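Quick note, the sequences are listed as chains A and B, same order.
Numbered by the UniProt record's numbering, the letters in the first sequence go through residues 1 to 598 in order.
Numbered by the UniProt record's numbering, the letters in the second sequence go through residues 1 to 795 in order.
Keep in mind the hints are simulated off the structure, nothing from the lab.
Small disclaimer: the values here were computed from a predicted structure and weren't measured.
Glycine residues also receive a C-beta, built at the ideal position from the N, C-alpha and C atoms.
Take these hints with a grain of salt, some might be off.
[To be verified] With a cut-off of at most 27 Å between alpha-carbon atoms, the simulated BS3-like pairs for lysine-lysine come out as follows:
| hint | chain 1 | residue 1 | chain 2 | residue 2 |
| --- | --- | --- | --- | --- |
| 1 | A | 389 | B | 699 |
| 2 | B | 699 | B | 732 |
| 3 | B | 628 | A | 413 |
| 4 | A | 389 | B | 732 |
| 5 | B | 670 | A | 389 |
| 6 | B | 560 | A | 444 |
| 7 | B | 750 | A | 357 |
| 8 | A | 412 | B | 628 |
| 9 | A | 412 | B | 704 |
| 10 | B | 20 | A | 412 |
| 11 | A | 123 | B | 560 |
| 12 | B | 560 | A | 160 |
| 13 | A | 412 | B | 578 |
| 14 | A | 123 | B | 732 |
| 15 | B | 614 | A | 445 |
| 16 | B | 621 | A | 413 |
| 17 | A | 389 | B | 628 |
| 18 | B | 678 | A | 389 |
| 19 | B | 670 | A | 439 |
| 20 | A | 389 | B | 674 |
| 21 | B | 674 | A | 413 |
| 22 | A | 357 | B | 728 |
| 23 | A | 444 | B | 674 |
| 24 | B | 167 | A | 389 |
| 25 | B | 699 | A | 412 |
| 26 | B | 20 | A | 389 |
| 27 | A | 389 | B | 704 |
| 28 | A | 445 | B | 621 |
| 29 | A | 413 | B | 678 |
| 30 | B | 704 | A | 444 |
| 31 | A | 413 | B | 699 |
| 32 | A | 413 | A | 439 |
| 33 | B | 578 | A | 445 |
| 34 | A | 444 | B | 732 |
| 35 | A | 357 | B | 702 |
[Said to hold, decoys possible] Here are some chain B residues pointing at chain A (derived, C-beta under 10 Å):
| hint | residue |
| --- | --- |
| 36 | 24 |
| 37 | 417 |
| 38 | 421 |
| 39 | 422 |
| 40 | 582 |
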Amino acid sequence: MAQIPNLDNSPLNLKSLRELSQRELINILKNIRGKKCLVIDPKLSGSLSLIIQTSVLREHGAELRHLSADPIQTDCTKVVYLVRSRFNLMRYICSHVHNDISKGLEREYHIYFVPRREVVCEKVLEEEKVHHLMTIGEYPFYMVPLDEDVLSFELDFANKDCQVDGDTSSLWYIAKAIHKLESSFGVIPHVRAKGKASVRVADILSHMQTEEPVNSSDMGGPEINTLILLDREVDMVTPMCSQLTYEGLLDEFLHIHNGSVELDASIMGAQQQEGKKMKVPLNSSDKLFKETRDLNFEVVVQVLRQKATSMKQDYTEMTTTNQTVSELKDFVKKLNSLPEMTRHINLAQHLSMFTSKQSFLARLDMEHTIVEAQSYDICFEYIEELIHKQEPLVSVLRFLILLSVTNSGLPKKHFDYLRRELLHSYGFEHMATLNNLEKAGLLKKQETKSNWLTVKRALQLVIEDTDTANPNDISYVFSGYAPLSIRLVQHAVRSGWRPMEEILKLLPGPHSETKRVGFSSSPSFDTLHRSSEAADRLVADGRRSLVLVVFIGGVTFAEISALRFLSAQEGMAYDMIIGTTNIVNGNTLAEAYVEHLV
Amino acid sequence: MANVSVAAEWQLLSNRFYRKLEIYQMRWKHVDLSRNKVACAPFGGPIAIIRDDSKIVQLYSESALRKLRIFNSAGVLISETIWKHPGGRLIGMSWTDDQTLICIVQDGTIYRYNINAECLEPNYSMGKECFEQNVVDCVFWGNGVVCLTEAGKLFCVADFKDIKPYKLADPIIRMEEELPHCMAVIEPQYTVSGNVVVLLGVGDGIVTVDDDDVRQVESDDLRGPVQKLAVSHNGRILARFTHDGYLVMSNMQFDTIFEYQCESDLPPEQMAWCGLDSVLLYRDDMLLVVGPSEYCISYIYDEPVILIPECDGVRILSNSTLEFLQRVPDSTESIFKIGSTSPASLLVDALDHFDRRSAKADENLRLIRTSLPEAVEACVDAAGHEFDVSRQRTLLRAASYGQAFFGFGSNFQRDCIQEMCKTLRVLNAVRDFVIGVPLSIQQYKSLTAPVLIGRLINAHQHLLALRLSEYLGIIKASRKQEIDNEKRELKICKGISYAAVAAHADKSGRRKLAAMLVEYESRSSKQRPALEFFGTIQARSFARDLFITYARSYKHEFLKDFFLSTGQLQDVAFLLWKESWELGKNPMASKGSPLHGPRIKLIEKAQNLFSETKEHTFESKAAEEHAKLLRIQHELEVSTKQAIFVDSSISDTIRTCIVLGNHRAAMKVKTEFKVSEKRWYWLKVFALATIRDWDALEKFSKEKRPPIGYRPFVEACIDADEKGEALKYIPKLGDPRERAEAYARIGMAKEAADAASQAKDGELLGRLKLSFAQNTAASSIFDTLRDRLSFQGVS
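Construct all of the structure, not just a fragment, from the sequences and the given hints.
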């Protein structure tokens, strides 16, 4: 299946990582003999589909089910639950067991917690008096490669959990994931963090290193040179802007889920009955997608048109003139790329339906106006109207967040007015939504003067006359706005935090910069010498050293594109790998704060 | 010579020397022992002092409230607290083996304090009978107590770790006639039955009482009435002071071993065993040491003293000093006795010569060559018994000096010296007045190092405790973790599981510490179980947040109580308000049933709580409106008989009303909630477009000049795909740009182009051209117009 991304070209051996996860899962199944019913937490099944094919699971005698409140219908006497450590899931499991007991079914239950067991969950099992019936294990699945340069820790609500609920357990998982990487690829010598959560992760990471040190003496040099940790909180402006790269737009309008989009088969030109959905995988294994995903959508259309034209030309030549065999062969080779071509032409066409809408253009316009931070009143009135027209709440929230963050809050009068209008238009249940946003500092009363203009100017976030076709700056991904987060990374990679401390102080959260030594025992001169030698050798190899950029609270596709653009620059001495709690966009981020009470 | 002066301070009793060492000048100020009840713990433990309420004392500038103060043995204040317990006079106060201060008051209530003067809950009672009869006296031993009531009954707590008072056999004393003269106990560990035995000096004789038996001691030799009784440490010898001024020592069968006639027949105020071979008698200003001899040693004190019996001597506490009286240890005696020629003495002398570079050093060594090992051993031993550091050093140096002459195969001796050095470093460390634990080496050995470390921890001397345990290599896991409780020290031990420590701390009742420690735990899954069994969470942000997260998904009620207790009213308000939604989910609630009552009540409760804080005025108002909306929606559902209103927003309610044709209701909602004209227009226009009531829409447009212009009308018509209707309003749009776009949206290129050129907006023209890309005729119109525009721009 094409859905599992091909990782052959990854700058890091992510393939071995994925194979390890595969093996561990298969071992779990092997250790439970005979036929069994594997009940998977629906949230996990997406992540799992990126590492293993369901057919492989079936080969090992597993009958697959999704976990839900409904009792399991199966003939198997062995039930294996693969779940995250969540209360509500424990409740489901308990109800299943009680249901079986009431029916007099005797089954063998196994629970595998992903990525690790938490005592509180077991406590629920104990309280429900089913704990003794369970065999409990762990499946240490901390991250999944989404692509050859993107790793996801699959923590969907890290951002909201930390900022609103103060639940920082996700930070531990992030640190653990990075630590796991370190145990395969060596201790990362440079760590730069910006933001509260990031600094904490850096702390936990160094704590882990003392607790269970990575023994890097038998590894040669560390493969990853620098770790940059960045809180989503530091830059909430970027994700609130509409992404304009091909992949970004696909995500904004169709929502890419675990590296694929699901849409009506008819859109993809399939001759099937109405309403049938199909999944389109999107990753680097698709060569055309690899070529176009990071481009500004405007350009993608041109590229596709060009390709189509040249194909058409070839075809005409083919039919009109006499061809040699080798020319024929070339042509047939080109034909092989035809399915990819049609796929992306269909997708692009579907997307342009959205992008040509006047409301979308107005939206982009307004986003730029807010980011420019010059005409506050226009923005305020625009948002007011959105609320009055009862436009989708999430898109209103995106604008509110964008306006509040760039102005470090709204003037009290407007703050109260817009909140009231919002409650009147969308219902009082959103009092909780507003409260969440306020707690997270995303929508608040203005108390200080905004730093945004200073930040914008100092980091050159708004670039006039961006050439989207031949970009020379990351600002092409938002047609003129250079994502703040990536600017920070750009500086951090180039010169570290030190020269830009003044700017960092204007952004939320503390920052830190640490140098770590891989050898946990006191580093002697000898070992230090050796490791630096190893680093030199790597550079001499012609391989570029690696930077791992971790986004805590999620990253957008546009940002990933910008990073790829950076690492593709000639002057750049590094390859970049991206780690993230999950892939986000403005909608998913804003959605997380919305309370659904009704 | 130094050596002479050492022995010069000794006193001889029969053939034994006694010495009295001053250990501390007391650091406290204005403490008069005679005005206070004092409890001193053995093994150099703390001293508890509280004003004696059975005495009439003058108050100097001090509060009338009594204070319980706890000092270390050097008089450094460890802690204090105000005593305000009911229950009458404080009768007895003593330290248990684990250094809990037990206080027993008249009505038999037992209050317990730790060394930090924190009262330990719960309080216990000696029982109903004690409560009714009143306790008059009590005698403590290690972990137990026997109380005597006014009615002459005896009650016992055998073990303070498990307080279960029970009544001993009734000695049948007629208390109104004659109080017992004295009372003593034989500790359970020394009795045959394994239960405590109480000795009472009643009338002319002695009565022994145990659990179920009372016996009059039958002995011709009793010489009663007995005024004072003291049982030796090993429970084998009994000292009693008789009415005629004799101190009699006997075995437990009352066979006299030795007797001594004192000058006065007045009974001593205090009587205590000094080791096993002498008894101290204290009365007025005189302290007598009586041993198996016809003479006695006497010391004069011009201030009150308190005798604190130890296993190898007696500590003597006065207002200004703490002294230690003991029999001079054999090794010390052999070295320092005047005229001693013991090998050890000669070895010390040799060192002295050696230091002075005198050749006599060699002579001395030659003299004792054969007995060097025992000389060294004696020096080491004597060093251990010294409190004076320089003398310790001299003796140890002598030992190592001598040891150097043995040649090979003397590992034993060397280890001995090393071991002693280690021990002395520990002892000197704890003897420092800041710590104030003046242990002798023998006490230290019987106390054992782990217990000592435990006591240091209890006294919050964590760093020293940690250092000692590391130094001595005693790393008992739990101990060590407990030691690590201060942050600074925690940093020393990398990779330690804070949660484990926290759990331990919690178990030992130290919740504050536990909560604090959880902050440091990086593994959050370990935090939660640790937190689970905390009853209380202190104001530690991290721990608190975790708790809240846990409680939010699991124990709602618990969380509400927590917020209430911490005064986070707005959070309680949010919880109540969320509960109101839960009620709303109940299917019964949506059918206009009386369940609306409780729901609205909850919201109003939340509103009140919100209004408590100024910062939540907005939420308070919103909650008020919310309640109002629910009422109106409820009424609407009743009047329309359609359950479609509850839980929709105000705007939706208005739209629904209009769609249902109920304009009056819509208007009412509008005025009730002061809906702005702007919003009203959008809502009404969209609602009318939804039901495609174009006439009504037109009428509405003509009511008055719409406050937000005609754009809503145009948009509504275009969205409904009613070009004709839209055309009614497009010309009314004020802005030519808007007009151009509106025309473009309904595909009227020509009109769009005209409007755009009116707006003189080249960019707009370009964009419009794009949207008409398929239509060549239209696009050529745009091109011409744009050319004309740019031409104008140039000119």
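Do the hints match the structure? See the list:
1. A:389 - B:699: holds, 21 Å
2. B:699 - B:732: Between residue 699 of chain B and residue 732 of chain B the Cα gap is close to 15 Å, so the pair holds against 27 Å.
3. B:628 - A:413: With Cα atoms ~23 Å apart, residue 628 of chain B and residue 413 of chain A stay inside 27 Å; holds.
4. A:389 - B:732: holds, 20 Å
5. B:670 - A:389: holds, 16 Å
6. B:560 - A:444: holds, 26 Å
7. B:750 - A:357: Between residue 750 of chain B and residue 357 of chain A the Cα gap is close to 20 Å, so the pair holds against 27 Å.
8. A:412 - B:628: holds, 25 Å
9. A:412 - B:704: violated, 32 Å
10. B:20 - A:412: Status violated; Cα separation ~79 Å.
11. A:123 - B:560: Status holds; Cα separation ~21 Å.
12. B:560 - A:160: holds, 22 Å
13. A:412 - B:578: Answer holds: residue 412 of chain A to residue 578 of chain B is near 26 Å, not above 27 Å.
14. A:123 - B:732: violated, 68 Å
15. B:614 - A:445: holds, 14 Å
16. B:621 - A:413: Holds: residue 621 of chain B and residue 413 of chain A sit about 15 Å apart, inside 27 Å.
17. A:389 - B:628: Given pair residue 389 of chain A, residue 628 of chain B holds - Cα atoms ~23 Å apart, limit 27 Å.
18. B:678 - A:389: With a Cα-Cα distance of about 10 Å, the restraint between residue 678 of chain B and residue 389 of chain A holds, given a limit of 27 Å.
19. B:670 - A:439: violated, 31 Å
20. A:389 - B:674: holds, 17 Å
21. B:674 - A:413: Holds. Residue 674 of chain B to residue 413 of chain A sits at ~16 Å (cutoff 27 Å).
22. A:357 - B:728: Status holds; Cα separation ~23 Å.
23. A:444 - B:674: holds, 24 Å
24. B:167 - A:389: The hint is violated at about 85 Å.
25. B:699 - A:412: Roughly 38 Å between the alpha carbons, so the hint for residue 699 of chain B and residue 412 of chain A is violated.
26. B:20 - A:389: violated, 96 Å
27. A:389 - B:704: holds, 21 Å
28. A:445 - B:621: holds, 17 Å
29. A:413 - B:678: This hinted pair holds, its Cα atoms lying about 17 Å apart.
30. B:704 - A:444: violated, 37 Å
31. A:413 - B:699: Violated - the C-alpha atoms of residue 699 of chain B and residue 413 of chain A are around 35 Å apart, more than 27 Å.
32. A:413 - A:439: OK: residue 413 of chain A and residue 439 of chain A at ~19 Å, within 27 Å.
33. B:578 - A:445: Holds. Residue 578 of chain B to residue 445 of chain A sits at ~24 Å (cutoff 27 Å).
34. A:444 - B:732: violated, 39 Å
35. A:357 - B:702: Violated, at about 30 Å.
36. 24: Hint on residue 24 of chain B: violated, closest Cβ of chain A at ~43 Å, above 10 Å.
37. 417: violated, 33 Å
38. 421: violated, 29 Å
39. 422: violated, 27 Å
40. 582: Given a least distance of 8 Å, the restraint on residue 582 of chain B holds.
Checked against the numbered hints given earlier, this structure breaks hints 9, 10, 14, 19, 24, 25, 26, 30, 31, 34, 35, 36, 37, 38, 39; the rest are met.
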